[in-house]
Amino acid sequence: DGGITQSPKYLFRKEGQNVTLSCEQNLNHDAMYWYRQDPGQGLRLIYYSQIVNDFQKGDIAEGYSVSREKKESFPLTVTSAQKNPTAFYLCASSIDGNYNEQFFGPGTRLTVL
Amino acid sequence: SQQGEEDPQALSIQEGENATMNCSYKTSINNLQWYRQNSGRGLVHLILIRSNEREKHSGRLRVTLDTSKKSSSLLITASRAADTASYFCATWDTGRRALTFGSGTRLQVQP
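Quick mapping for you: the protein sequence lines, in order, are chains A and B.
Residues in the first sequence are numbered consecutively from 1, following my numbering.
Residues in the second sequence are numbered consecutively from 1, following my numbering.
The following block holds chain A by itself, in its conformation from the complex (with noise of 0.2 Å):
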């Protein structure tokens, strides 16, 4: 069953907190890309990465990082320096980055408490 799963789906963080979200690909695909969708809003692209071991930073990467050891994974750690981290991060792929459709995982919600 191939796809991108996101875990875990709820996520609550103390103010403070250090939080790692996983994504995880069967797709075989080369690229990989994190968002954030506050309500009633778009998504604003935090990092992403074309190839294992390499990634750059997108619009919003402050108090956020990655890591890109492995084809298949992608997670996304929020530090304690991301002052708002409260919303909903999808995580997605593609077959590279050429311009391609991307592959949606089913999000996770992070409440900071």
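Each hint should be verified, as a subset may be incorrect.
Unchecked claim - FRET-style restraints, in silico, Cβ to Cβ: (1) Asp30/A <-> Arg41/B: 21 to 27 Å; (2) Lys9/A <-> Lys26/B: 31 to 37 Å; (3) Ser67/A <-> Thr64/B: 38 to 44 Å; (4) Gln41/A <-> Lys69/B: 29 to 35 Å; (5) Glu15/B <-> Gly40/A: 23 to 29 Å; (6) Pro39/A <-> Lys26/B: 22 to 28 Å; (7) Glu17/B <-> Asn26/A: 37 to 43 Å; (8) Asn18/B <-> Asp54/A: 40 to 46 Å; (9) Lys14/A <-> Thr20/B: 41 to 47 Å; (10) Lys14/A <-> Ser58/B: 43 to 49 Å.
If you're looking for bench data, these hints aren't it; they were derived computationally from the structure.
For each residue, glycine too, the CB sits at the ideal point set by N, CA and C.
With chain A's structure known, arrange chain B on it following the hints.
Coordinates of chain B only, in the frame set by chain A:
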């Protein structure tokens, strides 16, 4: 940055009617894509139109692209209650290696 702006922000129609959503963007693009999002879910790709194409069809969907006006429209014909969702346009800007999404149109189809 949010390049695309959808219009209207919200649309409510009756089942069987057509729904039209518009998207405007600011820079040169390689292609424009439309995605659908059901409440609380991930996005699903609907259709991609390249910058050298003017119109594209997929089932009940019709997309147009006018690069001179930097605008696109998505038409859903004979809408169904199951079409209720948010619809986003997204552009692949030339020189930028990621999609830029608009703010979306929330479509409500009344049965």
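*With respect to the beta-carbon atoms only, verify the hint that Asn18/B and Asp54/A lie 40 to 46 Å apart.*
holds, 44 Å
*Quick one: are Glu17/B and Asn26/A within 37 to 43 Å, going by C-beta?*
holds, 40 Å
*Could you see if the CB distance from Asp30/A to Arg41/B stays within 21 to 27 Å?*
Cβ of Asp30/A to Cβ of Arg41/B: about 25 Å, so the range 21 to 27 Å holds.
*Between Gln41/A and Lys69/B, is the Cβ distance one that fits in 29 to 35 Å?*
violated, 25 Å
*So does Pro39/A sit 22 to 28 Å from Lys26/B, Cβ to Cβ?*
holds, 24 Å
*State, for the Cβ atoms of Ser67/A and Thr64/B, whether the hinted interval 38 to 44 Å holds or is violated.*
holds, 41 Å
*Between Lys14/A and Ser58/B, does the C-beta distance stay in 43 to 49 Å?*
holds, 46 Å
*So the hint says 41 to 47 Å: do the beta-carbon atoms of Lys14/A and Thr20/B match that?*
holds, 46 Å
*Do the beta carbons of Glu15/B and Gly40/A sit within 23 to 29 Å of each other?*
24 Å Cβ-Cβ, so the 23 to 29 Å window holds.
*CB-CB spacing for Lys26/B and Lys9/A relative to the 31 to 37 Å hint*: Taking Cβ atoms as reference, Lys9/A and Lys26/B lie about 35 Å apart, which means the hint holds.
Of the numbered hints given earlier, the model fails hint 4 alone.
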